[in-house]
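We have chain A; now place chain B onto it with these hints.
Protein sequence lines, in the order shown, are assigned to chains A and B. Quick note: the first sequence uses the working numbering, first residue 1068, plus one each step. Quick note: the second sequence uses the working numbering, first residue 212, plus one each step.
Worth flagging that the hints you see were computed from the coordinates, not collected in a lab. Note that the structure is predicted; figures quoted are calculated from it, not measured. Careful, some of the hints might be misleading.
[Claimed, not checked] Listed next, with one range per pair, are the computed distances between beta-carbon atoms:
id	chain 1	residue 1	chain 2	residue 2	range
1	A	1286	B	680	27 to 37 Å
2	A	1159	B	565	54 to 64 Å
3	B	425	A	1189	50 to 60 Å
4	A	1251	B	295	47 to 57 Å
5	A	1251	B	535	29 to 39 Å
[To be verified] Non-contacting residues of chain B with respect to chain A, defined by C-beta distances greater than 10 Å in every case (computed):
id	residue
6	337
7	353
8	624
9	626
Glycine residues also receive a C-beta, built at the ideal position from the N, C-alpha and C atoms.
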Amino acid sequence: MGCSKFGERWNDGPEELMVEAFEECLADAGIERKQIGAAWLGSCFDEVDVGKSALPASLALRLPNIAVTRVENFCASGTEAFRGAVYAVASGACDIALAIGVEKLKDIGYGGLPEFSSAMGTRNYLYFPNATAPGCFAMLATGYAAKYGLDMSDVKRAMAHVSVKSHANGVLNPKAHLRKAVTEEQVLNSPQIAYPLGLFDCCGVSDGSAAAIVTTPEIAKSLGKKDLVSVKALQLSLSNGTEMGYSDWDGAHFVTTTKASTEAYKEAGITNPREEISMMEVHDCFSITELVTMEDLHISERGQAPKDIMDGFYDMDGKIPCQVDGGLKCFGHPIGASGLRMLYEMYLQLHGRAGDRQLKDPKFGLTHNLGGFPMLNVCSIGIIGKYDG
Amino acid sequence: MVGITSYGGYIPRYRLSRMVVVQNMAWYFPVIMAVAGGEKSVANWDEDAVSMAVAAARDCMTNKDRKALDALYLASTTLPFADRLNSGIVAAALNMREEDVTNADFTSCTKSATTAALSALDAIESGNKDSVLVTATDLRTTKMATMFEMFYGDGAAALLFGKDDVIAEFKGSYSVNCDFVDHYRGQGKTFDYGWEERWMRDEGYGKIIPQAVAGFLKKTGMKIEEFDKVVYPCYFSRTHRDIAKKLGVDAEKVQDNMHNVCGDTGTAHPFVMLVTALEGAKPGDKILVASFGQGCDVLAFEVTDKIKDYKAPVGIKGSLANRVELSSYQKFTKFRDLIIADLGIRGEQSVNTSLTALWRDRKMVLGMVGSKCNKCGTPQFPTMPVCVNPDCWSSHDFEDYEFSNVGCKVGMYTGDMLSASVDPPAIYGLVEFEGGGKAFVDFTDCSLDQVKVGMPAKMSFRKRNYDKERGFTGYFWKAVPQIGGGE
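With the rest of the complex left out, here is chain B:
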């Protein structure tokens, strides 16, 4: 049996009420008032498509062996590097093996998540691979006072495909590919360029998704009535409902487009919606999932008995529940670098990241891999040639020790108004890991008044710096204090 063996999701904790956008920008473009309901998810200033993919991938791999992965596919239209394998960064963050593994980026189309999933399924069905992780993510920057700003949210999701412990069996697929350009983003451009909405709705979503589903049903001989959940994106909520009618699907079987809770997460959205469907699924449920973007992929799954034993991760449900209202529209626009606020001369420094040093220390920097002394057993970070334990000091006798999944607690900390930060104060401090080891790290996803010495914290892969001059994004791990206590 081939299919989904695990799922994971990540919706950033900031939510921007669309009314806040309306209050700030409707004077400029009143049409946005038409979709003013609900809220959209907003990535923190130190997140991007890659860091969110890491969060979703880690969530998906919570109880799975990352060393057993044969491939990592990353789907997105907003990857930070045009030439550097972005999935390679995710793989390094997961501390995946580097030998006998295939990583690939599936990009430049919001349908690429399902295309990556089909590639994963092909590889597993052919017997070439046993375990493939597919992550989908998007953080689309939009112009202020646009419909895109209203519709789009940020998020990521991940699906693990394999043969063992399948929780949702793959039952077939069908794809339509056509150069329907409802919107595009040219090389070097920041923002999506969209065509007339009526055409996008009527000739795009409204025709191509039904066309692909019809093709799927014809190809497989399955009937639409067999499906308990039908999942497809479409941020025009009315069109989303209309498509169901065209497909002949009862409204209660249609997976909500999540406009109200996070907005459309682009490439990630078919996965985000599918994960949400799986979170509420029971054995025997049949799920049809479709994507949209220069065509449409349709995939069918049947939930197995194994889902009863499956230990659900945080998922989309959990990350939606981890919610903080972003009340300031200015903060949102600053986080997306849409407005210019002075960082001061201190913030002007342009340091060229050493690629040689990054290569040597890639495990440490990207994977938060420290070391554990083989002689005294002390876990330590950063990795150094000689053990940190003053009663040991043995040299070059370590094994790798991953800190990213080890729980920690906040030691000494501060909130620094002097350091150049997009979201001052810059909060940072020492964290002490369960079982030993410490690290001096930035904190994120918290406010200063919420942090206390001794509070539990978890590590999160984040954007550390962006070198505007050269276009390089640096990543490292930050501590997320578990406000209100640990798990």
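So here's chain A without its partners, still in its complex pose:
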């Protein structure tokens, strides 16, 4: 696998970012370009990023006129590219496949994600509210506080702990966008972006790319690879309008994550995720998203995520370290690359190559993306682990 440095890469275009991730990935795999049978490119904001089609990847990486497919599924785009590559290999359609994700967000001239009111389609433009990503996810906090009868200040404190933890982890990661520790007070006192989220409840908006080369264990072994890491589960779940349009959703959980995680554990043979998952990279686009997600992953009981968070359960030295690499919060969030960046961290950890942030003997690593809005979203979950075949 490979991953570029994430951050405000003012002097690098998406081509540079892709090549940076790809060359590391190629060297890690120990193969040549021409051995790649097919490739998938994940990117989201094509209007301001690489543009449409998979040509930008084929061009930048000088792929040998093979099949390259661009996938876009909001924040799950990177995992979606990975899924394409994995399915291609699993089906026998090709021996070796490449997944690469990239996003060049810092070419738009303003902070936050690109304005997306017209990106939701012609019909939605006629009536969708004047919403942004932080605003949509901020709504979760009001929903969550109302559902559990919590004081917003208590929810905010747990949210602050989520960010403090990710900042502490990001310090240890040379490739992370934000590498500065923060205190709970700093988080709580940061300027409000969307009630009740402050600036430090929001993840970094970054440029970056990450890549994976996948193949079968047999071919990997034939290439002399040892300590194989294999895919235990890949699940995707999408909203169908129930949350937004049907009256039984409480606004305090993700329907899709609940479903996708259940399916993923089944696929991976995990029966007790709280005990069996070693580490996680979840979609902490906003601190409240991470908080709620812990319950949807069936790790914290419903209503108990704030307590687990405050108890340090998800800290680096906790039971299940979460956002070990700094997360979206501090590693950064170049949309199309994020799913692959999460897998990259799990991969490094499983190989024992995570440097200062190396965890002791991890077995299963879980990755999670959540794209869209709490009431209308795409969720992807990956579980990878040491190959035991």
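Same frame as chain A, but now just chain B:
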């Protein structure tokens, strides 16, 4: 019997004290201090003449069948479209029928509300129509530090004319039409251009209204003493009083010009004042109403016994009571786009509204019409081909379901400082409708600290976006949290 069968009114909740204008602008034009009393109504940034007309029309139709309307007339000098039937937008918002109906805009003169009313009465008296809704509205943008800025307020009113359950019987009319140009607004101009006030007062209001009333009395043989309320606009309060003297009307019978409570609402004003008169009327009261603008229409009504059973809507009285002080003059000028404040690059996006998509979804977008599944009964929004209920998922088997009049409550919400908004934070969230159905919508007429999960809310037709490049105004419905509880 032909006459008024219902009334409705809408005064936006923001009120700007004229002293605030004086404090900010008297340095530039001290004359405004002469009319510094009272306050003017100010439309929210997401309102315009059409959206206010919708509010007044909905109020008027509160207990009436909108499908029974044969016509909708809209009177205003500040309609957003020069070529697109503005009354058609109001009709769509009311979810009126599209077949066998006549909609029309009466415009380019502040007298056009009464002219529209006369047309409605003509149509009903002739037997061609049974039920005609006339709405009058104006949101006049004024230059800063002008008398117009001091006098003008924003508002709308609506009158339903018909034959059944008449609460005020039409007793006759008379019109004077003359090209007296006290002010005008040329094509493509934003602001009114006015002539000398003394001339407007003495030769305009002060002569033409009495001339028309005299003509009416002569034509009908009625006497001015018969009238219990005499309603006519004139934002020069002293001239307003002087006209009464000329007409020989006792001061207590003269309907207040509302300078102190909302200002002159232009085309809407004769209706706004008439609705106010009707709100305090009793059976047998005779009301004379006159308008002003390139002449004058005079109409007479007699209140009937039916007014005792008439369930009054929010009206002008109710909307005047729903009042919030706008303490910032800068905010007022920003709402009217008189000052340039940076929206940021995020706010620069220029999206061309798809007219084909709007046509297909006009009921949904303009009328907030969703659907109700014929199989499982689930109300849902937006309309989709397949039912949203996961236990149903039946396809193409729905009936229309209007959400605009269904009560709702606030679900999850936020106040967003990042989104480009004229009045940040942009407040929006999910609302849950009584009886089922949800919608993800902008909130309006509230401040963030007032909103709570579970609070009751009502839907309001608002301006959603304005495409400056092409001149297109987009509309949709927003939720208005009922601050302090529901009804």
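Distance rule for residue 337/B, whose beta carbon must clear each one in chain A by more than 10 Å | 39 Å, holds
Against chain A, does residue 626/B keep a CB gap of more than 10 Å to every residue?
-> 4 Å, violated
Could you check the hint for me, namely that residue 1251/A and residue 535/B are 29 to 39 Å apart, CB to CB?
-> This hint holds: roughly 37 Å between Cβ atoms.
Should the hint that residue 1159/A and residue 565/B are 54 to 64 Å apart at their CB atoms be regarded as holding?
-> Violated, since residue 1159/A and residue 565/B (Cβ atoms, about 44 Å apart) do not stay within the stated range.
Is it true that the C-beta distance of residue 1286/A to residue 680/B lies inside 27 to 37 Å, as the hint says?
-> Roughly 56 Å apart at Cβ, these two residues miss the hinted range, so it is violated.
Given as non-interface: residue 353/B, which should sit over 10 Å from chain A by C-beta = 27 Å, holds
Could you check that no beta carbon of chain A comes within 10 Å of the beta carbon of residue 624/B?
-> 6 Å, violated
Pairwise beta carbon distance, residue 1251/A to residue 295/B, judged against the given window 47 to 57 Å | 55 Å, holds
Range hint compliance [Cβ, residue 425/B to residue 1189/A, 50 to 60 Å] = 58 Å, holds
The structure shown violates the earlier hints numbered 1, 2, 8 and 9.
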